[in-house]
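K.L.:
Given next are the chains, with one letter for each unit.
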Amino acid sequence: MTVSLLDVSEGGRAIVVDIWEGIGAKRRLLEMGLTPGSEVEVVSNCRGPVVVRVRGVTVALSRGVAGRIRVKPAGGGDG
Amino acid sequence: MVKVGRKTRSQKGGEERGYKVAILGNPNVGKSTLFTSLTSEVAHIANWPGTTIERKEGVLRFDSWKLVFVDLPGVYSLAGTSVEEKVARDFILEGDWDAILVLVDSLAPERTLYLALHALEITGKVVIALTKWDAAHSSGVHVNVEELKRALGARVVPVSAVTGEGLDELTRALLEVVREEGTKPLTVDYGQLEPAVAELEHGLKGINMRLRAPLRWIALRLLEGDGYVAEVVRRAGGEEVLGKAGELREAITKSTGVDPGEVIVSQRYRYVDSISKRAVLRREVGREAGRLERFLLSPVWGPPFSLAILLSLYLAVFALNTGFPLNLILEFAGFHEAAEALESYTLSGLVSSFFGLLADHVEASGIPEPLASFLAEGLIPGLSLVVSFLPLILTALIALSFLEDSGIGPYAAASLHKFLQRLGLSGRAVYPVLISIGCNVPAIMASRTAPDEVERKQLMVSVPFVPCQARLLVLLAFASAYFSRDPLFATLAVALSYVAAFALLGATSLLARRALGSYGAPELILELPRPHMPSLKVVWWIAWDYAEHYVKRAGLIIFGLSALLWCLTRLGPGGLAASPGESYAASLGRCLAPLAGVFGLYGSRAEIVAFAALAGLVAKETAVLSIAVYTGSADPIEALSKLELTPPQALALMVFFSTYMPCLAAIATIARESDSLEMTLTSVIWSILASLSASYAVYALASMFFT
Ligand SMILES: Nc1nc2c(ncn2[C@@H]2O[C@H](COP(=O)(O)OP(=O)(O)OP(=O)(O)O)[C@@H](O)[C@H]2O)c(=O)[nH]1
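Protein sequence lines correspond, in order, to chains W and H. Note that our numbering gives residue 56 to position 56 of the first sequence, counting from 1, and the numbers run on in steps of one. Each position in the second sequence, counted from 1, maps to that position plus 1000 in our numbering.
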């Protein structure tokens, strides 16, 4: 089951599955470490930008961007 | 083409061996800090061609050696998808470096090693510095340096710009690597792509592309579909390989369902992961977000809290420099003297009273006219203008670097993003926009924190519309001359000018965004450093760097232009003008006066307004004063009332004077920051046109309303 990053609630962990094309930012996201298979932890997700931790770095993503990141729940968190 | 050990002349005249080192690193990796602590004699060599990114070089002398460090913009990769990446890529591929110093953040090696791989795949002449080493242990990150050296086959030196640890060792490593023979780039295994890479690499043999990268790397870039590399290959006569690359890309996309570019990034990260697993141990110390972070990100409390932090910094900066807005509050409460006393003890007040004394001294010294006037009213005020901006820039930029360095700035940007999105700006624009309400000059400088080149340019052209403190004074003068009978209406009139100014800012920013080829609202992808107490040393370095820079570049322009303006307003066809009406500026005003016809102003009234607009270019508050001088009246407000404007005219002129053109200092700053005459002129001409249209619209609407 895959969902978008917007659907992961605060404190949840997820694995990146894919980033939808259509925003020029895809390459940037990949190079910032959001590659398929990498684990992200959602620090904050509530109306404002979605804040995630990935590869030891905290990144804020506006909702338009976060909505295009497909993820699947990782073990241990909710999803 | 690698020229190792260029001979350079040392200052003492003897020969010394010099090497050039390019510094490459992610944003926020600690690059500026390391650069500053490594180098002296920092030279700002204009901007990278065609960009608003400044090129900085600094020198390090070590024994009899000289290392010149070239500061490349902070980037995540060398793919060339942003202006910053293009600048870095072009220099790495074509520049005359002898070694590359790659910075890896010891707090986040799992991410920052990615860029190091890029560099290592291009050349073996790489030294890796693990930055912020002093903070690594307390953050629970342990890096096994020996293991990292082994895995990357490169020199790795842990350093701290704060404690100075490792800096000498880093220099030695650089001096070793530049002299080392037979270094080899790193080979990363790209798994299923390897056959395709090998095929392209073979096809590239014999083509001389003059790029400082191995064929394998070029083959990889072709497989990723890099347009720039493809163009270089085409020019070198490699049509055939390009065709092959296209076929291979298509085949790979079809068979794997993924674009080869994505496969390559993932594969490179897999390599980073495998190294990290061996060399990085992360103990989860305080990994959950701190209370401050949670608060800043809360949808309810975040925006007001962020705004409150920004506003208090803003108030501190301006209260210290100009007394604003305390002086106005006192003034309105009727404490005229208290307001004046306050102003005279602010930094700007002290600077201007010093130069005022100097000018008096010159005037009384018996130097013959017109030289005395030129000195006392042209040169000295020009100098005073330049100097009085200095404390303002310093404090505004100390506040900015405090925000950035503490990590609060990026959090505030994230929580305020949605509000600025409507203006076509990202949350990062909040500081420049806010600070511009006080003064446009530091605001234009602060646009450096913009996430990309497009937004930076948007800010540079749109921020000057924001009425600064000086323009507020003009607005208040108009309001008290024409609407003082009705305080509510006077307030509304001032508010209207602000609304018009912000509408122009929004429209300009959106238009510029389109013109620069970006569509849609900006999305935010922003790294948030963990909030921490900033290093005061670093904060000071950054602020001082700006201020010094301002004096050297913008200061000269301001000084020159204000001297020119003195000549215009004080000299006339008959030498020193006896009254302003006989000056060149008045003649120029007469030429421009017909423009005031759109507001129904003709004859001498139009000339006065045009003259005031010209005079207001030096500093906006002088616009009203010049009307007093021109009409020979002592009280500026009274002089304004003598223009006998109708309410629509007064409203239109308020909007006009608050937006018509950036002041000299702002123009000089735009010129300096953009390094582009074209952009500066565009900004000036656009602001005149936009302001005229907006104030005409106000005039037309108000005329309907008032009759
Ligand atoms: N503890 C510690 N912190 C450091 C060190 N060097 C830099 N920092 C911090 O790291 C952050 C980023 O430093 P900068 O030098 O501004 O980083 P940069 O790479 O130039 O970043 P950009 O200006 O965003 O490109 C700041 O908050 C610094 O205070 C260091 O040696 N030790």
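Among the hints, erroneous ones may be present.
[Stated by the list, open to error] So these bits of chain W aren't anywhere near chain H, every CB distance computed over 10 Å:
1. M1
2. S9
3. I15
4. R27
5. S44
6. G56
7. L61
[What the hints assert, rightly or not] Simulated restraints on C-beta separations:
8. H/A1043 x W/A74: 46 to 52 Å
9. H/G1153 x W/E21: 34 to 40 Å
10. H/L1681 x W/A74: 33 to 39 Å
11. W/W20 x H/S1064: 55 to 61 Å
12. H/R1150 x W/W20: 45 to 51 Å
13. H/T1163 x W/A74: 48 to 54 Å
[Said to hold, decoys possible] Below, computed lysine to any residue pairings styled on SDA-like, alpha-carbon distance capped at 20 Å:
14. H/K1254 x W/E21
15. H/K1277 x W/S38
16. H/K1184 x H/R1155
17. H/K1149 x H/T1187
18. H/K1418 x W/R47
19. W/K72 x H/G1257
20. H/K1254 x W/I15
21. W/K72 x W/R53
22. H/K1277 x W/W20
23. H/K1254 x W/W20
24. H/K1184 x H/E1094
25. H/K1277 x W/G67
26. H/K1277 x W/G11
27. W/K72 x H/S1255
28. H/K1254 x W/V54
29. H/K1277 x W/I15
30. H/K1418 x W/M1
31. W/K72 x W/G11
32. H/K1277 x W/P36
33. H/K1277 x W/D18
34. H/K1056 x H/V1551
35. H/K1020 x H/G1095
36. W/K72 x H/V1258
37. H/K1254 x W/V17
What the hints contain is simulated information worked out from the structure, not anything from laboratory work. Each residue gets a CB set at the ideal place from its N, CA and C atoms; glycine is no exception.
K.L.:
Take the hints in turn and mark each one as holding or not.
P.N.:
Here is what the structure says about each hint:
Taking the minimum C-beta to C-beta distance to chain H, about 19 Å, the non-interface status of W/M1 holds against the 10 Å cut. For W/S9, the non-interface assignment is confirmed: its Cβ lies about 14 Å from the closest Cβ of chain H, beyond the 10 Å cut-off. Listed as a non-interface residue, W/I15 keeps its Cβ farther than 10 Å from every Cβ of chain H; the least gap is roughly 13 Å. At the 10 Å boundary, the C-beta of W/R27 falls inside the reach of chain H, the nearest C-beta of that chain being 5 Å off.
Not every beta carbon of chain H lies more than 10 Å from that of W/S44, the smallest distance being close to 4 Å; the non-interface claim is violated. At roughly 4 Å, the least C-beta separation between W/G56 and chain H is not larger than 10 Å, which violates its mark as non-interface. Against chain H, the non-interface label of W/L61 is violated: not every CB pair exceeds 10 Å, the least being about 6 Å. Distance hint check: the CB atoms of H/A1043 and W/A74 are about 49 Å apart, consistent with the given range 46 to 52 Å.
In this structure the hint that H/G1153 and W/E21 lie 34 to 40 Å apart at CB holds, the actual value being about 36 Å. For H/L1681 and W/A74, the Cβ-Cβ distance of about 55 Å falls outside the hinted range of 33 to 39 Å, so the restraint is violated. Distance hint check for W/W20 and H/S1064: the Cβ-Cβ separation is about 57 Å, which falls inside the suggested range of 55 to 61 Å. Look at H/R1150 against W/W20: about 39 Å separates their beta carbons, and that is not inside 45 to 51 Å.
A beta carbon spacing of about 38 Å between H/T1163 and W/A74 contradicts the range 48 to 54 Å that was offered as a hint. Proposed proximity of H/K1254 and W/E21 is supported: the alpha carbons are some 16 Å apart, at most 20 Å. Distance hint between H/K1277 and W/S38 is fulfilled; the C-alpha atoms sit about 14 Å from each other, no more than 20 Å. Taking the CA atoms of H/K1184 and H/R1155, the gap is near 13 Å; set against the 20 Å cutoff, the hint holds.
Using a Cα cut-off of 20 Å, the hinted pair H/K1149 and H/T1187 holds, with the two alpha carbons roughly 15 Å apart. At most 20 Å may separate the alpha-carbon atoms for a hinted pair to count; H/K1418 and W/R47 meet this at roughly 10 Å. Restraint check: the Cα-Cα separation between W/K72 and H/G1257 comes to about 19 Å, which is no more than 20 Å; the hinted pair holds. With a C-alpha separation of about 24 Å, the suggested pair H/K1254 and W/I15 falls outside the 20 Å cut-off, and the hint is violated.
The hinted pair formed by W/K72 and W/R53 meets the criterion: a straight-line CA distance of about 16 Å does not exceed 20 Å. Distance check on the hinted pair: H/K1277 and W/W20 sit about 29 Å apart at the alpha-carbon level, beyond 20 Å; violated. A C-alpha spacing of about 17 Å is found between H/K1254 and W/W20, which places the hinted pair at or below 20 Å, so the restraint holds. Under the criterion of a C-alpha separation no larger than 20 Å, the hint pairing H/K1184 with H/E1094 is consistent with the structure, at around 18 Å.
The hinted pair formed by H/K1277 and W/G67 fails the criterion: a straight-line CA distance of about 30 Å is larger than 20 Å. Pair hint H/K1277 plus W/G11 does not hold up; C-alpha atoms about 24 Å apart against a cutoff of 20 Å. For the given pair, W/K72 sits about 24 Å from H/S1255 by alpha-carbon distance, which is inconsistent with the 20 Å threshold. The hinted pair formed by H/K1254 and W/V54 fails the criterion: a straight-line CA distance of about 30 Å is larger than 20 Å.
A C-alpha spacing of about 18 Å is found between H/K1277 and W/I15, which places the hinted pair at or below 20 Å, so the restraint holds. Note on H/K1418 and W/M1: the hinted pairing is violated, with a Cα-Cα distance of about 30 Å set against a maximum of 20 Å. Taking the CA atoms of W/K72 and W/G11, the gap is near 15 Å; set against the 20 Å cutoff, the hint holds. As the CA atoms of H/K1277 and W/P36 are separated by approximately 18 Å, the hinted pair is consistent with the 20 Å bound.
Distance hint between H/K1277 and W/D18 is unfulfilled; the C-alpha atoms sit about 23 Å from each other, more than 20 Å. Under the criterion of a C-alpha separation no larger than 20 Å, the hint pairing H/K1056 with H/V1551 is consistent with the structure, at around 17 Å. A hinted pair counts as satisfied when its Cα atoms are at most 20 Å apart, and H/K1020 with H/G1095 qualifies at roughly 10 Å. Distance check on the hinted pair: W/K72 and H/V1258 sit about 18 Å apart at the alpha-carbon level, within 20 Å; holds.
A distance of roughly 19 Å separates the Cα atoms of H/K1254 and W/V17; the hinted pair therefore holds under the 20 Å criterion.
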